[in-house]
Amino acid sequence: MLILECPYCGLHADETELAPGGEAHLKRFGPGSSDDDFEGYLFMRENPKGVHFERWRHANGCGKWFHAARDTNTLEVFGTYSAQTTEPPQDIKDKISARRPGWTWREFA
Amino acid sequence: MSTRLAQGGRFLNRARKVNFTFNGQHLTGHEGDTLASALLAQGQMMVGRSFKYHRPRGMVASGAEEPNALVNLGSGNRLEPNQRATTTELFDGLTATSQNHWPSLEFDVGAVNTYFSRFLPAGFYYKMFMYPRAFWKHVYEPFIRQSAGLGRAPEPHVRDEDTYEHFYAFVDVLVIGGGVAGLQAALTAGRAGAQVLLIEQTAHWGGRAPVDGGTVDGKPAAEFVDAALAELRGMKNVVLRDRCMGAGVYDHGYVLAYERISDHAPGPAGPRHRLWRLRCKQVVTATGAIERPLSFAGNDIPGVMLASAVRDYAVNYGVSIGDRTVVVTNNDDAYRTAITLKGLGLEVPAIIDARAGGGGALADEARALGIRVETGKAIAKVKGAKRVEGVAICAQAGEGAVLEEIKCDAVAMSGGWSPVVHLWSHCGGKLTWDDAQAMFRPNADLAPTGAAGEAFVIPAGTANGYMGLAEVLADAAAAGVAAAKAVGAKPKKAEAPQASTPDEAPIEPVWLMPQGADIKLRMKAWLDFQNDVKVSDVQLAAREGFESVEHAKRYTTLGMATDQGKLSNINGLAILSDALGQPIPQTGTTTFRPPYTPISMGAIAGEARGKVFQPIRRTPLQDWHEGQGAYFEPVGHWRRPYCYPRGEESHAQAVAREINQTRGSLGMLDASTLGKLIVKGPDAGKFLDMLYTNMMSTLKPGRCRYGLMCSENGFLMDDGVVARIHDDTFLCHTTTGGADRIHAHMEEWLQTEWWDWQVYVANVTEQYGQIAVVGPDARKVLEKLGGMDVSKDTLPFMAWADGELGGIACRVYRISFSGELSYEIAVDAGHARALWDKLLESGAEFNVMPYGTEALHVMRAEKGFIMIGDETDGTVIPQDLGLDWAISKKKEDYIGKRAQERSHMTDPRRWKLVGLETVDGSKLPDGAYAVADGKNANGQRNVQGRVTSTYHSPTLGRGIAMGLVLNGPDRMGEVIEFPGTDGKTYKARIVDPVFFDKDGEKQNV
Amino acid sequence: MKRYSVFAVAREAARYHTGWERAWKSPEPKKKYDVIIIGAGGHGLATAYYLGKNFGIRNVAILEKGWLGGGNTGRNTTIIRSNYLQDPSAAIYEKSRSLYEDLSQDLNYNIMFSPRGVMMLAQTEHEVRGYLRTAHANALQGVETRFIKPDEVKKLVPIINIDGPRYPVLGALWQPRGGTARHDAVAWGYARACSDMGMDVIQKCEVTGVRQEGGRVVGVDTNRGAIDCDKLGIVVAGHSGVLAEMAGFRLPIESVALQALVSEPIKPCMDVVVMANTVHGYMSQSDKGEMVIGGGADGYNNYTQRGSFHHIEETVRALIETFPMISRLKMLRQWGGIVDMTGDRSPILSKTPLENCFINCGWGTGGFKAIPGSGWGFAELMAKGSSPLCDEFSMFRFREGKFIDESVAAGVAH
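Residue numbers (the UniProt record's numbering), protein chains in the order written: chain Y, 1 to 109; chain A, 1 to 1005; chain U, 1 to 414.
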C-alpha cells in the first residue's frame, strides 16, 4: 500500500487516490520513426528489479500527473517530481546514488 | 474430567450466570468465560474431530493459537463456521455445534479413517486414485470432496444481518499487543508525547504476566498492569482499544487491525466488526509468544494440553483440566503450571523433565511442594482414546522402553516458546535462529522498511525473544523510546520498572520424545492437530525429496490448517531439519502471510455492500425513468433505460414500438450520460488535431464534426461529435463509458508530453442534462416550445446554437445518431427535468415517447453507424471500418498514426466492415463467425469474418447486421455462412452497411 | 522409478512407509547438456518432459534458483479453462486442458484434475454479446462451451445471487470440462517424470550469466559453475526480464503483483468455478473446502510478492455481492505472486535474437492452466524450430502490430 507525495498539491496520497501510468521519461516516436524505435517506445518498457522511474496520476485528488523514483524490490520511494521534465532532477538522482551506491541514470536501459 | 473449581478465576463474575447450548445441550457458564472455558467447566473436553482421520479433539490452547476447538457458532443468517472457542467470549443465548463428524461428535463414522491411517500417510492421494481413470471423476473425487471442509457451509439463501465498518487513522506509534511489553512500550512512547494507538486482541490487558507471576517494582504484575492502564487512559495522546487484533502489516506503514465490536454481545445496534486501516509511522509488535507442544505418541488425545493453557484455565477461569495432571517439559516455565495446580489443591503426580539436568529455582519450588520431578525422562505414550487415562514414562535418551505407567487424566506439555513474529514478518522482516533459547526471533538488522527505506517495525518483549519479565520490560521500554524518537518525539532515557522472576535453567530443545522413538511411536506423535500431520509424515516428505520447507509443508499440509501452523510450524521444521541432517536456520521458515488470525469477509468488505457496493450514477432524469418502469441495463457506472415496456409488452415489442414512433413522428432519448469535455486554450485546436484522426482545427465556431480517437497503439478507442464553441474552445462528446477515460487520456498527453501547449480540459459531463429530440416532428415540437430559431437555415445539420426553449436556457446541437431529424439539447443539469417535462407535454400531440438504448442501437445500425464496443473491441482500426474519410490526409501526425503504419495494420487481408443480410430475413446470431474452407495447423476451423452487431429492424421488417469480413467491401452480393451455436447455419449476403435512407435525406431536412 | 498405485501404498504401509524412494533425484550438474531449461516451475518442467517424451531429447537439465514449483505454479488459484476468444489462445489452452485430462495417468502422479466446470458470468448486455461471440468462436475451435441462461447458472451454483441488485446475472459462458487441479502436484509430477527419464532437476542453482559465441548460446554460468548446452530455454516467469538482459535482449514485459486469498475450509457448497469479470472476482472451492478467491492485479511494477490490500477489499466486496453467504466466512490467508504482463497480455513462446536461445514467458495471470500445452508447444519449438501452438506467440509480433488480445470481450461500455 504505497503512499506517494504529490509534488503539485503536496498531499501524501494513499495508493487508492493514485492511478499508475507506467514508465516515465518515454521518448515518443511518431510517423517517420523506424520500426525498432517505435516498438521500443511502445512496448519495451523498463522492468528493473530495483530503481525505477514511473508516472502516476493523482487521479482522486488534484488530477495532476507526476513522476516517482521508486525501488520495485523494496518499495522505497526516493522522491516524486514534476512530470514536465525529460529526466529526473539532480536532487532525486543524488538521493538515489546515496541510497544505492554505484547506481547511475539509465544504467539499466 | 475437567471441572469448575470452587474458587478462583480472575476473569469471572461468578455472580452472573450465562446460558448457552452446545450440540443442543443447555449449559451455563459465568460472565467472563470463553466458550472454551465454559465447556471445560462443564466437563466437555472433546469438542471436534480432526480433518483427515476424524480423531477426537479437545482444547489444546487457551488463545488464538488453538487448532482444535472450532465450532459452528449461531445458526441461519448468523451462522459462523470455524469459530475458535478459545477466543469466543460467552454470551447469553450463544449456540454452538461441533464440526466435522457424522452422525455425532461422540460416534463419528469418519473415525474409521484412524484405523486406516497407516494407509493414509502424507501425500497418499498423489499416489492413488488414478486407476481406472474414469473412477476419479465418478468415485474418488466425489468421495474426497464429501470429506472436505470443517465448518458447516451457510445455506445458499443466507444473508448476513450484521453490518461492518471501516475506520481510517493516522498514528505516530501503533503498539500491537496489550501485555506488559505493549503497555510499557506505549507508556514510554506516550510519555514522550507521541500519538499512540495501543491495541489488544483479547478483552483483557496485561497478557500472561498476571498468570505467570513475578513482581514489578516489588508488587504483583497485575498491579503494574492496572497502574499502567490508568496512566495510559489519562494521556490525551494515547488511545487504547481492546478486542482489536493487529491483522496484517503492509508496505509503507499500512496496518490492518480487526476489532470485534459486538461478537461478545450480539445485538441489532451497530456494526459487528470494524476494520481499521491504519497508516503508522512506527509499529511496535509486542505480540508475545506461543508455547510449543511436545511431540510424543498420543499427544493429540483430549486432555493433553499446553502447560500454559492449563495454567490459564485454572487462574483466569477457575477451571481444572483434570484431577491428576502430569507435566512434561523441556524448560522451566511449565513448572509454574505444576506449582499453580498444586496450590489449588490438585494432584500433580509427576513433572517429566526431558532435561537430564532438570530445572532451576522453579524446580526447587516444585520439589519443596512435594511434587515428584523426573529428569531425563520422557513420555513414551499417552494412554486413552477420547480422554487421557495415563502416561507411560521412558528415558528421553532411549527408544521408548516403558519404565513406568502413571495414571492421570490430563497432561500439561511445554516444548518451549516461539515469539509471535507474524506481524514482524508480513512486510519483509527477517528472522534469526536463537540457539540458546531454541527459537526464531526478529533480526533487528533486517527490519521491514517503509517508504523512506528506514525500518518501521520494532519488536518488543517476548515477541522479540526476551522471556524474563525484567528483560521484557527493559526491551519494551527501549522499543517505546526508539519508536518515539523515530517519529520525532523527545523521549527520556528508557527507564523500565524493576521486575523480578525466579532464575530459570536453560531450555533444551526436544523435538521428539523420546529422541529415538521408533516408527510406531512417530506415527502417533502429532505435529499438526487439525490437519493430522505427524512426525512420521514430515520424515516421509524428507525421504521422498521434499526438502525445501515449502515442499514439506505443501506435501504434508503441515501448518496449512486454520491456525496456520501457530503450534506446528517450528516443531515440523525441526523434524525436517533433523531428517535432512542440517541445522534449523538452514532449512528456514515458510512465509508468514496476513492475517494473523482469520478475519471476517464482512469486515473486509466494510460498508460498501448492497446499494452502496458500487453507487449508481444517476442522470437528472433517472427518477422519471424509474417512475415509468423502465427496464435498465448497466452501462459503465450508469443504469440506462434499455426500453420502456408498457403493459404486457415484451422488451422486443417495446423496442419496436419506440423505433416506429421515433421514425414515424417523435421520440426522446436521455443522452445525459454522454461524456462532455471542454477543451480550451490557444493550442486547443492543435491539441485536438493530435487527439483525433480528423482535422479539428479547421472546424468553424458554431459547427460540429464527428471525430475518431485512437490509442497510440493505433486502435480505435472512442468517437463522438466535437463542437467548436469559440476560437479557443471546443466541446468534445465522448461515449457514455468513455468520459473519464478520455479525460484522463487528454490530461496524460497534455501533462506528460505536450506540457508547453496552452490547453485546459474540464470534464463537464454531469453539469449538463442532454436530451435528444428525434423524428420528423422534432422541429415542430421545439418550435412549439419557442425561444430560438431551429429552422434548417439558421440551424442546419451539424451546427449548434445557444438559446432558450420554453424559457429554459440551452444549447442545441443539430446532430443525429438515428438518421432522423434530430436535436440534442444540453441544459444545466438542474433544468433537465423541467425541459424533459415541457417536451413531453408539447410532444403529446405527436404521441411523443421516450426510447431506450436498444432502440438507439437498432436505429444507428439501420443507418450503418458504428458503435464503439460493438464494431470495435480494442483490435479494430478506423481503416477496418471504412472510416478513412474521417482520417485526415493532411496531418503529419496524430495519436495512433505511426502505429497504423505497421505491417499488420496495412495488411490487405484485414477484415473490413460490411453490412450483412440473412438470405431468409432472420436475425444473425450475436457474435457468429463466418467460416472459410478447411482448418488451420491447430485443427481449428478457418474463419473469414464475424458479426459485430445484429438486430431485427422493425423499420425494414428483417434482420440486419454489420460485420467484419475478409475482403468484404469487394465481395458485395456474395453469400457467406455463419454456423450458429444452435446447430443451424445462417446464410447471409454481403451488402452495404447503410440499410436505411442511404442518402441521408431524413436527417438533412 | 517405482510406480505409484494403491497397491504400492498398501505394500509400503506394511513397512510403515520406510521404503519410498525420492520423487526426484538431487544430482550435481554435469559439464554439458543438449538442452538446459532455466526455471523448474510448471512450464519449465513440462517443456523438459515433452522434450523427452515427444522428441527423445533426454540429456536435459532443469535449473532452479530456489525450489521447484516455488514460483507462480504454487501461488495461483488453480483454474483450468480454455474458453478463449482468439484462435492462437484457444489452441494452446485447449491443448493444455486436454492434456490435463490424462495427466495423472500419463505422469503416474495424481494431480487431481477436477473438471467440475468453469463459468464466466455475464452481468451486462455487453458481456452477454462478448460471451456469445466467444461461444461461437469456441465451437469452431473445438472448445466445448455454451452460453447458459440465468436459471441454469442458479442450478449449477445455488449460492449465487442471481438478481444483483447492482449487476444481475444475465447468463454465463459455461465450459463443462474446465476445472481445477492441485497446483503443487503438477510441478512435482512433472519433476518426478523428468527425473525418471534421466533428466537432471537441479534446485538451488542460480543462473548468473548466459554465455554466447558468435551470436549463439553455448551455456550458462551458475552459482554451481559453468554448464554448457546446445540449446537454452528461459522459462522463469517473474524474472524473465533479468534473464533476457543476461542473454542480451529486451522483452516487452512488466512485472506486477497479483493477489489471491482463501477462506477457512467449510463443507462443500460450490461445485464449479465462477468468474465474475464485471466486478473483478473469481471463486472456487478446493478439495479441502477452502473458498479460493482471486481478483485484480496491481498496476505498477513490483517484485515483492506482496500486493496492496485494497485489491483484496474490492475482490471480497464483489464476491459478497455475488455470493452473499460468504459474508460470515473468514479470510484465512492472502498472498501475492509476481506476474509478467506483455503488451497484449498474451504470452511469449518464441525464438530470441540469440540463436538457439528460446523464451517462454508473459503468461500474466493465466499461466497455470497453460502448463501442459505450453510445455508441449515449447518443446516442439525448441526441438524443431517451429510449432503451430507457439508461432503466433512470437516476441516479434509487437513490432508488426500483430497482437493476440483477449481483453476484447471486456471491451468498453457504450
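These aren't lab readings, by the way, just hints derived from the structure by calculation.
All of these numbers come straight from a predicted model, not from anything done at the bench.
Misleading hints may appear alongside valid ones.
Capping the alpha-carbon separation at 25 Å, the derived lysine-lysine pairs in DSS-like fashion look like this [said to hold, decoys possible]:
id: 1; chain 1: A; residue 1: LYS137; chain 2: U; residue 2: LYS402
id: 2; chain 1: U; residue 1: LYS288; chain 2: A; residue 2: LYS897
id: 3; chain 1: Y; residue 1: LYS64; chain 2: A; residue 2: LYS686
id: 4; chain 1: A; residue 1: LYS680; chain 2: Y; residue 2: LYS64
id: 5; chain 1: A; residue 1: LYS281; chain 2: A; residue 2: LYS52
id: 6; chain 1: A; residue 1: LYS923; chain 2: U; residue 2: LYS53
id: 7; chain 1: A; residue 1: LYS984; chain 2: U; residue 2: LYS149
id: 8; chain 1: Y; residue 1: LYS27; chain 2: A; residue 2: LYS281
id: 9; chain 1: U; residue 1: LYS53; chain 2: A; residue 2: LYS430
id: 10; chain 1: A; residue 1: LYS935; chain 2: U; residue 2: LYS65
id: 11; chain 1: Y; residue 1: LYS49; chain 2: U; residue 2: LYS204
id: 12; chain 1: A; residue 1: LYS383; chain 2: Y; residue 2: LYS27
id: 13; chain 1: U; residue 1: LYS351; chain 2: U; residue 2: LYS53
id: 14; chain 1: A; residue 1: LYS430; chain 2: Y; residue 2: LYS49
id: 15; chain 1: A; residue 1: LYS430; chain 2: U; residue 2: LYS154
id: 16; chain 1: Y; residue 1: LYS95; chain 2: A; residue 2: LYS935
id: 17; chain 1: Y; residue 1: LYS49; chain 2: U; residue 2: LYS53
Is A/LYS430 within 25 Å of U/LYS154, Cα to Cα? Not OK: A/LYS430 and U/LYS154 at ~47 Å, beyond 25 Å, violated.
Restraint status (C-alpha distance of A/LYS430 to Y/LYS49 at most 25 Å): Judged against 25 Å, a Cα distance of about 20 Å means the pair holds.
Is the straight-line distance between the alpha-carbon of Y/LYS95 and that of A/LYS935 25 Å or less? Answer violated: Y/LYS95 to A/LYS935 is near 60 Å, above 25 Å.
25 Å Cα cutoff - pair A/LYS935, U/LYS65: Outside the cut-off at roughly 42 Å; violated.
For U/LYS53 and A/LYS430, compute the direct alpha-carbon distance and say whether it is at most 25 Å. Given pair U/LYS53, A/LYS430 is violated - Cα atoms ~43 Å apart, limit 25 Å.
What's the verdict on A/LYS383 and Y/LYS27, does the C-alpha distance respect the 25 Å limit or exceed it? 76 Å, violated
Does U/LYS204 lie within 25 Å of Y/LYS49 when you go C-alpha to C-alpha? 20 Å, holds
Given the hint that A/LYS984 pairs with U/LYS149, test it: the Cα-Cα distance must not exceed 25 Å. 19 Å, holds
Pairwise hint evaluation, A/LYS897 against U/LYS288, where the allowed Cα distance is 25 Å at most: 53 Å, violated
Hint consistency between A/LYS281 and A/LYS52 [alpha-carbon to alpha-carbon, up to 25 Å]: 44 Å, violated
CA of A/LYS923 to CA of U/LYS53, is that 25 Å or under? The hint is violated at about 49 Å.
Given the hint that Y/LYS27 pairs with A/LYS281, test it: the Cα-Cα distance must not exceed 25 Å. 38 Å, violated
Violated hints, in rising order: 1, 2, 5, 6, 8, 9, 10, 12, 15, 16, 17; the structure is consistent with all others.
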